[in-house]
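Asker: Fit chain B to the supplied structure of chain A, relying on the hints for placement.
There are 2 protein chains.
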Amino acid sequence: MQGKRVYMDNAASTRMDEKVLEAMEPYLFEKYSVATSEFGHSMGIEAKEGLEEARKSIAKRLGAAPGEMIFTSGSAESSNLAIKGVMEANKGHLIVSDIEDFAVLHTARTLEKAGYEVSYLPVDEEGFVDPDELVDTIRDDTVLVSIQHANQEIGTIQDISALAGICDEAEVLFHTDATHTFTRVPLDVEKIPVDLVTLSAHTIHGPKGIGALYVREGTPLKKQMEGGFQEFDMRGGLENIPGAVGFSKAVELVAEDENRRLKELRDMIIDRVQEEIPDTTLNGSREQRLPQNANITFHYVEGESITLHLDMRGIAVSTGSACFSRSLEASHVIMGIGGDHERAHGSVRFSLGRFNTEEEVNYVVDNIKEVVKRLREISPLGKE
Amino acid sequence: MQGKRVYMDNAASTRMDEKVLEAMEPYLFEKYSVATSEFGHSMGIEAKEGLEEARKSIAKRLGAAPGEMIFTSGSAESSNLAIKGVMEANKGHLIVSDIEDFAVLHTARTLEKAGYEVSYLPVDEEGFVDPDELVDTIRDDTVLVSIQHANQEIGTIQDISALAGICDEAEVLFHTDATHTFTRVPLDVEKIPVDLVTLSAHTIHGPKGIGALYVREGTPLKKQMEGGFQEFDMRGGLENIPGAVGFSKAVELVAEDENRRLKELRDMIIDRVQEEIPDTTLNGSREQRLPQNANITFHYVEGESITLHLDMRGIAVSTGSACFSRSLEASHVIMGIGGDHERAHGSVRFSLGRFNTEEEVNYVVDNIKEVVKRLREISPLGKE
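Protein chains in written order, with this note's numbering: chain A, 54 to 437; chain B, 54 to 437.
Simulated from the structure, these hints should not be mistaken for laboratory data. Each statement offered as a hint is correct.
One copy or any two copies: either way a pair holds, since identical chains are not told apart in the list.
Derived SDA-like pairs (lysine to any residue); straight-line CA-CA distance at most 25 Å: (1) 276 with 170; (2) 426 with 367; (3) 144 with 275; (4) 101 with 68; (5) 101 with 355; (6) 244 with 225; (7) 57 with 83; (8) 101 with 358.
Pulled out of the complex, with its shape left as it was, chain A reads as follows (with noise of 0.2 Å):
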């Protein structure tokens, strides 16, 4: 491994795979017709075709009709539209739980300062929002609830259906952003009330700067970008065919059987680490965890000094929300499982995709193991 680089940070998902980019090429060098033109000429008809072709796709995945997703431009912009276009249109009280991404979090902040009441639910040591929480934490006045299908750092699953199914009784609507669970953690709008789920293209190897919003039919959403009558009048602007065809090959490139691999590497990062390295903790669950990531704090070090000292052995790891490395502030995630600054700040987050090697974990482990060692040789953060 020696001189490669070993990308097991959140990017390791973002690598474009090969044939995404095959199946876009037609649509930006020879089909690149706008979908708009369909009433004007074939070409328009052509392009059109494309666009839907990959949308019925990726609904279908979802166990959704074509006409109740809407391409945006990622996730980032299909939480904002969820949350802002379904508080706007009905006005009322909004639940979020602590942990979720930012795009949910700060849209929910932002909210609040607007004469929006929001609350926002708690969860315990492993990530979980109790339903009973839930439960107790509806009014009568609320609308909307978003709970994320798993965590973006620590990987935790929520249990979907029981969260879903409290809403739907309670005539509340229900959004879920499965950026980093489509495809990967199996969720199915058929089987489970969930009314709006927030997709991404390049968390599985698509292409950035598309994603899409499931809005189960009948949903009422204000619109939150202007422009043209795209998608169902729901989101103005061009289409981004080329990228929703990328997209719906990236949907199609997710097998079981890579899940199962990462499931694998991901047991074997961790079951390593827990035994090989002393005090450390598992961030998150163990069981109801997403197949490509493990978090763990080496207690006694920073994760800070851990990344640092990996990158110059070639390997890229996170730590800390990926947001928030910009700042060093803690992960907000760390500290709403109960996790104090030392936990945090100790945390480092694997994450793995397609192209990631058994070698490579193996790899990754042997430094992360050298690197820990070395650091508390020489760090004042001293075991009492």
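Answerer: Structure of chain B alone, referenced to chain A:
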């Protein structure tokens, strides 16, 4: 040209240049880190550098500083952010022209419904806003004026220098939608006091799904898309680095020679049609006109019939507004310049791009000549 397809509709400029994809590929397959990992490891720094180089290069073309350039998902998002962002940060009165693209026009109408006061400036028979009328429309509480650099349908280029100067003097913010002019028609924000400029990549053979908003330093703007702290905390969501790099390459590829060539092709269309086909009207200005646009009404025939017959000959052109082709309603632009329904419905727009040739132009004009002649022979819209 038999058997070949000729794109001379708005798709002509959206065919991606192979060199753009070449520039993007390293960021799809090798340097695919997340830019916000810049503090974490060197791969993040490398990816971030790609993003910042792209930002710098695009900003430079506009005479802007890199820190004044916010990447978005495209021109619709840019115009939404500019107008909602400024109006929500300031409250007050908004002025737009009657013939803006829908991203601006529908944003204005949405704000109007939300209680903002909006004035719509009429245009003259060539599509120009009258600077004196702008002076008269500006009120004490006017916050923002949004007037496009050039029109999307009839190609009329506004006297942006005069309009921006008026706003500057009145201490009113000025936004211009430069979707169709960026790199094609000079605009230098060091010389012209414009505060916000909407830019798009797909109109210059760049990628779809990426655009930018120039925001002059110090302009108050409310963030519209929540997420992380990307884009100077003005636009959340994972950075689309391959898109930004492709956008930058697309900008670099537009040379003055090409703009001259497009003007020549445009003039060939206009001259040949006006000389060889009776009863036509050029829509828009002859002199102050986009290099890549011709828009002509063929009287006594339906534009829809022309596009249909040209389509059977493998030629794509547009009629009415691109977006309105969906509903077959009359173009708001042709109506805005004082046209009637007959003039709007008989209008055909020719859009040119890098890959159009002189041979194609002659082929298209030859065909439209035949088609118009035949349609007029059978037309119920007889000349009196």
